[in-house]
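Q: Dock chain B against chain A, hints included.
If you read the protein sequences in the order shown, they are chains A and B.
Here our numbering is used: the first residue of the first sequence is 1279, the next is one more, and so on.
Here our numbering is used: the first residue of the second sequence is 1374, the next is one more, and so on.
I should point out that these hints are in silico values taken from the structure, not numbers from a laboratory.
Glycine included, every Cβ here is placed at the ideal spot set by N, Cα and C.
A few of these clues could be false.
As the list claims (entries may be wrong) - Computed, partial: chain B to chain A, Cβ under 8 Å:
1) Glu1416
2) Gln1563
3) Arg1612
4) Val1619
5) Glu1620
6) Val1686
7) Arg1714
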Amino acid sequence: MAEHFVLDRVSFAYGAKLAVDGVSLALSPGRFYGLVGPNGCGKSTLLDLLMANRVPASGTIRLNDRPLGDYGRRELARHLALVPQDFTINFAFTTLEVVLMGRHPYLPRFGAVSAADLAIAEAAMAAIGIESFRDRYVTELSGGEKQRVVVARALAQATPVLMLDEATSNLDIGHALGIFRVARARVEERGDTVIAVVHNLNLAAAFCDELIFMNQGRLAACGPTRETLTPETVQAVFGVASQVRQDAFSEALQVSFRYGS
Amino acid sequence: MSKPSTPLHSGRALFLAAVLLPALVAAVVVSTGMGFIHVTPAEVVRVVAARLSGDRSLVAGLDQVIPYVIMDVRLPRILTAALVGGGLAVCGVVFQGILLNPLADPYTLGISSGAAFGASLALVLNITVLGHGAVPLCAFLGALATLAVVLSLSSFDGQMSANTLILSGVIVGAILAAGISFMKYLADEQVAMIIYWLMGSFASKSWTDVGLALAALAVGLLVAVYYGRDLNIMSLGGRSSDSLGVETARVRKILLITASLTAAVCVSVSGIIGFIGLIVPHWMRFLVGPDNRRLAVLSALAGALLLLVADTVTRAVLPAEVPIGVLTALIGGPFFCYIFRRRQRGMIHG
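Looking at chain A on its own, in the form it has when it is part of the complex (with noise of 0.2 Å):
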């Protein structure tokens, strides 16, 4: 299936302080989109406009041409998942019955999880590498593990549009390989769309095609990594000088900084 969204001049506000200003982009299918940008720049909150949690102020959003807003719940579960930055997990549930939690958009309401269900809930938890938790009990894991648990939560979800907010940022670098990994290759195989907030430039550099940066709610740069990814975006966006060269080892375009003053 072809996913793609067409935002025209989104703007969203929380109070008075606009958080996202005036955006205009367009997500294609079957491309991994890293979503850059300072602290408080509205990536988030853009994430929460695509997924439908929050409602623009002002602008449209259509999701394969039809306005975000006509979609049901749970219709919408089934073309977008999300792995949030925060998530509480309070009680003791297992690491399967979390990861199940994802297949519950194609539940009946009172159907029990079938065999399929099941099947796809343990793929995901082997993408992941957690199946060695499969029995063990969410409260008792660590932080990194949860992160863990709640992204195969979302490819179990099994959608074409796959969001990740800041997904890796509390594993350590195998972990967050591994999960990057996971998803270019589904982007590679499904064709699925992956759109994700990453902090570290040369994680991005090295996974997405394009990269959307954004600064103080507004669109700074926007397009193919190799066209965005320029020390003259990363000074605008970051106000730090740093040199974009392609990396020999990594096979990619690799950012370093100066880090004295």
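A: Structure of chain B alone, referenced to chain A:
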């Protein structure tokens, strides 16, 4: 490290249901026989069967007074106690699930204070328009008014956060508690009646009370089970549950209002009975895990059994009747401490 997995949890839930349901039926039959006039369980069954089937030969040879004692005095009280216990426990499950707070119970939103205020007002002003119905009705109206105030205080932009709900409940509850104290201060001979009502009682309950409590429990339980899976997912936080296809704001409102109404009816019928709505959900969660569908059903059974046993103890075992609210707190409190300690230790070692 082997941990109980999901199949084990659901197996344990079935086992527990298979134990609790017969135990509840047995407790109803046995406790109906207990009291000043002793009746054997077999005779209890005969009397009930005779009433249900209309076959008078079943009660042949029994004292004339026994059917009256069973059908008009004891059974209404016993069934009301069981149904209220079940209702409060189900409400506790819902409130703990929505508010994501282990200390939440059916009274967290001030339902009890509102009902107590309404009942006290009726007692102080000596409202007797509706005879016996005046106090429960005023209690119910008080609870409804409190719910309306708490919900409107805590909604903003159509959103209600757990913390603002709890805070609003605490604030409104504190204001009402002051009002109740003032009424006690003003009241003369009604003070004893207010205190008596506040501690809860199942004495002289009628079949009307049974009907009300049954309706409240049925509605509360149905809604809790219907939205049980949504409630499970909502415990992961609103942003997650929205993205998993749950209409979080709507479901939260429906569950809050239904559970509050159930609690309001329970309180109006019986007065304020604490601890059932707090400990039973914890106890069941400890045994069968946090799935709210299982939890609601099992808590209803366990709450019914627990309150029935407590009421029977105060009615027929103790030499003098102790207020039921006091008894549940006296038994429930230490028991809760015990579970809590065991769980803490289990967490450290596990």
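Q: All hints are to be evaluated individually against the structure, with a verdict given for each.
A: Hint check:
The interface hint given for Glu1416/B is broken, as the beta carbon of that residue sits about 41 Å from the closest beta carbon of chain A, more than 8 Å. Hint status for Gln1563/B relative to chain A: violated, with the closest Cβ pair at about 43 Å, above 8 Å. A hinted interface residue such as Arg1612/B counts as satisfied when its beta carbon comes closer than 8 Å to some beta carbon of chain A; here the least separation is about 5 Å, so the hint holds. With a cut of 8 Å, the hint placing Val1619/B at the interface with chain A holds, because the nearest CB-to-CB distance is about 7 Å.
Given the 8 Å rule on beta carbons, the hint for Glu1620/B holds: about 5 Å separates it from the nearest Cβ of chain A. The beta carbon of Val1686/B is not positioned within 8 Å of any beta carbon in chain A (closest approach about 32 Å), and the interface hint is therefore violated. A distance limit of 8 Å between C-beta atoms decides the matter here; for Arg1714/B the minimum to chain A is near 17 Å, and the interface restraint is violated.
In summary, the structure is inconsistent with hints 1, 2, 6, 7 from the numbered list given earlier, while agreeing with the others.
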